[in-house]
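J.: Here is what each chain is made of, one letter per residue.
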Amino acid sequence: MATAQVVRSEWTKIRSVASTVWTLSTAVVVTIALGMLISALSKNEFGSLSERERLSFDPTFISFAGTSLGQLAMIVFGVLVVSNEYSTGMIRASLAAVPKRGVFLFSKLAVATALAFVVGMATSFATFFLGQLMLGDLAASIGDDGVLRAVFGGGLYMTLIALFSMGVAAMLRSPMLSLGILMPFFFLISNILGNVSATEKVGRFLPDQAGSRIMRVVTPVDDDTPYGPWGGLGIMALWVIAAVVGGYVLLKRRDAQ
Amino acid sequence: MIELEGLTKRYGEKVAVDNLTFTVRPGIVTGFLGPNGAGKSTTMRMILGLDHPTAGDVRIDGTHYDRLQDPLTYIGALLEAKGVHPGRSAYNHLLWLAQSNGIPERRVREVLGEVGLTAVARKKAKGFSLGMGQRLGIAAALLGDPRILMFDEPVNGLDPEGIHWIRTLMKSLAEQGRTVFVSSHLMSEMALTADHLVVIGQGRLLADTSMAEFIERNSRSYVRVRSPQREALLDALHQAGVTAVDGADGTLEVDGTPAEKIGELAARNGVVLHELSPQQASLEEAFMQLTAESVEYHAHTGAPLPPQQQWGESWRKG
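Chain order of the listed sequences is L and Z. Take the first sequence: its letters are residues 15 to 271, numbered as in the numbering used here. Take the second sequence: its letters are residues 239 to 556, numbered as in the numbering used here.
Okay, chain Z solo, but in the shape it has when bound (with noise of 0.2 Å):
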């Protein structure tokens, strides 16, 4: 378990994570989600002691990380960084680890098995792809066999094939009851693994919410309606109190009234339709909904906005 509270960072006059209080459990994947500088990588350097928080407060069942005995033995994590010294092999590196956190050396080969590096354990960190690089640092989060597991960014880097592995390990660490906490800024990402989810932007929480729930009041129903005859289309939604906005290419969306309606109310008005169709928004799109607030407030402030994000403001006009 791990328990935020009112958990601030600011560097100078920027405030990074801003009064977080939140708890992670134990059984459950929690997934971390906010826009790439929202404050995860901050948040979860806290977490580790490594970071002095401003304000607040953040607990390792009930103690402070620095003064757990051994820590490795409770939170393992996977840090966006990985830390490796690129002249020391991956058992070496892991080895030094094991040391430090009295860890007997036997984990070190079994870890080493876990994440399939057993081939190139004394090979130089310097020659690992990305991937294995991921990998070494998913091994020194599993040494110490924690309760508790925290990954930020996990799938960055890693092939089909990783991403499936990091997905299926995530999953069966919570079916034995731990505690695992992930950070991505893919909604996608967090869809497909996560059970709970924590949404921060600007550092602010945005977010404590189940999955299923979060979909459930994010998710945007609409209808997309194409039309060579568009102004007329629009006059006859007008006259039938309907609003619709403009979608992409030339598109109009609709919101609130059946597709069946619209297609009485063209034909009703002699409208010729090229296209006519429900729409579920996306996950990825209910996550920028709910993020988009603190992404305009980055675009006052003249930073430039990434270009999924500016595609996101278009359909939330309306």
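If we strip away everything but chain L, and leave its shape as in the complex, we get (with noise of 0.2 Å):
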């Protein structure tokens, strides 16, 4: 069984279904769209900023402010990817074909996921200029000190989510089912307990929390969160592995069904 023929066979199966194209596009186009929106009204409110907000105001997180909507259209993505498998009840003819059951998973989260980076890293360096175009004289450079990072690291970032999204449906094949879980979690619960002070602590080490520390370049005055930006998104490599390996672990155990 050579991988290589699977990586192609997978290649064949995600391009040939429409949800790819309409995931990817909607994730590419919310985040854009939001993040200038959100660009543009930031520009007209700095006027009536404090000065510590003002010493805080980080025009590159801002331009990324779509992340947050644009990153549930990711999910979707990751989600029906693998769980498409098991609501159509392809996974048999997958595994019949495929019985290397690693060489299957592994093969499609790695099309998936490099599909993921290429629009997830397009998306963060056009949400990055067309923000700043919107933020006019606040705007930041692409040269200024950590920008480049932050915008390579949104890409990786919205590549991270995605992949997580797929161990986790690896984990729960049902899409629905994964989708309620995912969707309220990075949606509300994930910002409720990283905005109420006593969770705070812990909900900064949930995945999208301690990844987006990538997407930052001004440090917010008295922060006091216990990691930089790479050790961030190593956090949430280590969810992603986590929910990949479980995938993984279950899908090699179970029946095929």
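Among these hints, one or two may not hold up.
To be verified - Here are the computed distance ranges between Cβ atoms for each label pair:
(1) Z:G265 - L:P198: 54 to 64 Å
(2) Z:T261 - L:W244: 51 to 61 Å
(3) Z:P264 - L:L191: 57 to 67 Å
(4) L:Q271 - Z:G300: 19 to 29 Å
(5) Z:T261 - L:Q271: 24 to 34 Å
(6) L:I206 - Z:G300: 28 to 38 Å
(7) Z:P516 - L:S188: 36 to 46 Å
(8) L:F60 - Z:R360: 26 to 36 Å
(9) Z:L368 - L:V216: 45 to 55 Å
(10) L:S70 - Z:Q307: 53 to 63 Å
Unchecked claim - Reference listing, derived: stretches of chain Z covered by chain L, where coverage requires no fewer than 3 residues with Cβ under 8 Å from a Cβ of chain L:
(11) 264 to 274
(12) 306 to 318
As the list claims (entries may be wrong) - From the structure, some residues in chain Z lie toward chain L, with a derived Cβ separation under 7 Å:
(13) T259
(14) F260
(15) L333
(16) L335
Because the hints were derived from the structure by calculation, they are not lab data. Every value quoted in this text rests on a predicted model; they were computed, and no experiment measured them. Just so it is clear, CB atoms sit at the ideal spot from N, CA and C, and this is done for glycine as well.
Using the hints, put the two standalone chains together into the complex.
T.: Next up, the structure:
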């Protein structure tokens, strides 16, 4: 079983269903459009900000404001890529064709992650430049200290969110269950945990809170987060590894249905 | 060649497949027969390495399924749940299967032609009828030109033309020297296609025999008698030492006594007969007789009996 054959086959699968196009294009459009909108609003409000708030003003991070919503489309992409196999019963055909389950899963994840990486990077750079355009004279430059890292990190963040969702979907199998857990978690629960002072210290170790640190260039005043941008992305990567390993172990052990 | 040895699958307390040992040989169509829920699909999934056996072993040409290099070129299978993404075209469905096993793309066009789906190759699978879906599943099985073919209930949902096509296809595949293993819950279907028969009930092996031998051993002949003087006839038969059992619609069924003798007996006792006809029990009945035990066991555990099996019970009581 040549892995290259399986990768090619997984690429055929992913490019031949409509959900790939609509989930990824939604991620691109929502992230960029919302980023531009928030950037424009922030420019207008800058005059009314306090001195403290001006010190924490992070034009790069502001242009990534659309990520909070755009990542939901990335989650749908990641979930559907894996759970489609189960909801359509295709998993039996897939595992009959590729009985080495590790080869099957990792080929699928490699193809989908590579696609998410390309789309995520393009989105990240586009949202940065368009956001800065909206910010006018408040804009950061890609050459400024830490900005390129933040923009590149934004693409990695989108990729890791998609891969995390694939791992969770591999464990849960059902698309409805996976989305029913991931969507409210990343849209609401994580934000609530991260903003309530009682749970803040735990909340910032959640995958999205830790990972999004990479998109910050200016550290907010009074910030006591115990990790830096790469440290945060590392924490997110640990979550992703746990989800993928969990998905692999369960796939290996379970009957294919 | 498919070899099963003590193959067993348990789900908690429930035994779905119970210590199955048999071999499916090349060059003939082997029918895999059993009532619904007997464990046929589970067995087939274990052959393909999809479900893990609780105990026992199954080998394809002497090798475990997951050790096969490009398994679709060894064994092609049509499973009951076809497993096609509704949004993907027939062509792309076969294409990803072909690519995963290093099968050239030209085979995709060939098998689409073979099953008669060329015209709809670029259409999404969700628009397919049951019969078209079945044809697509068969195309997938044929894709790797495998020496072994396995079909789970292939005639389900097909129109008469499609059924005829499947039967011809299976026979010609076997004539080419391939191993053909086909499951069904219909004895009549098996009688038309299978050369060899493996019967299971409640997951257990009930018979592993040639079709001809199965018919000979399991068919029952009896005489159906109908009379307006039913009691008088029963007395006459009883006096002659002949046992009759109740048949359908007030008829009597007599085993092991020729029709001539019953006719003479009736005449001698002045009993009017409205019907006196020798009957050959159908293969369907032979099959139900064989599986009745497992069906009865079902009844004791409280599961409702499908109607045709209850009907099978009625004549078996004698």
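J.: Check each numbered hint from earlier against the structure, then list the numbers of those it violates in ascending order.
T.: When the structure is compared with the hints, numbers 3, 6, 7, 8, 11, 13 and 14 turn out to be violated.
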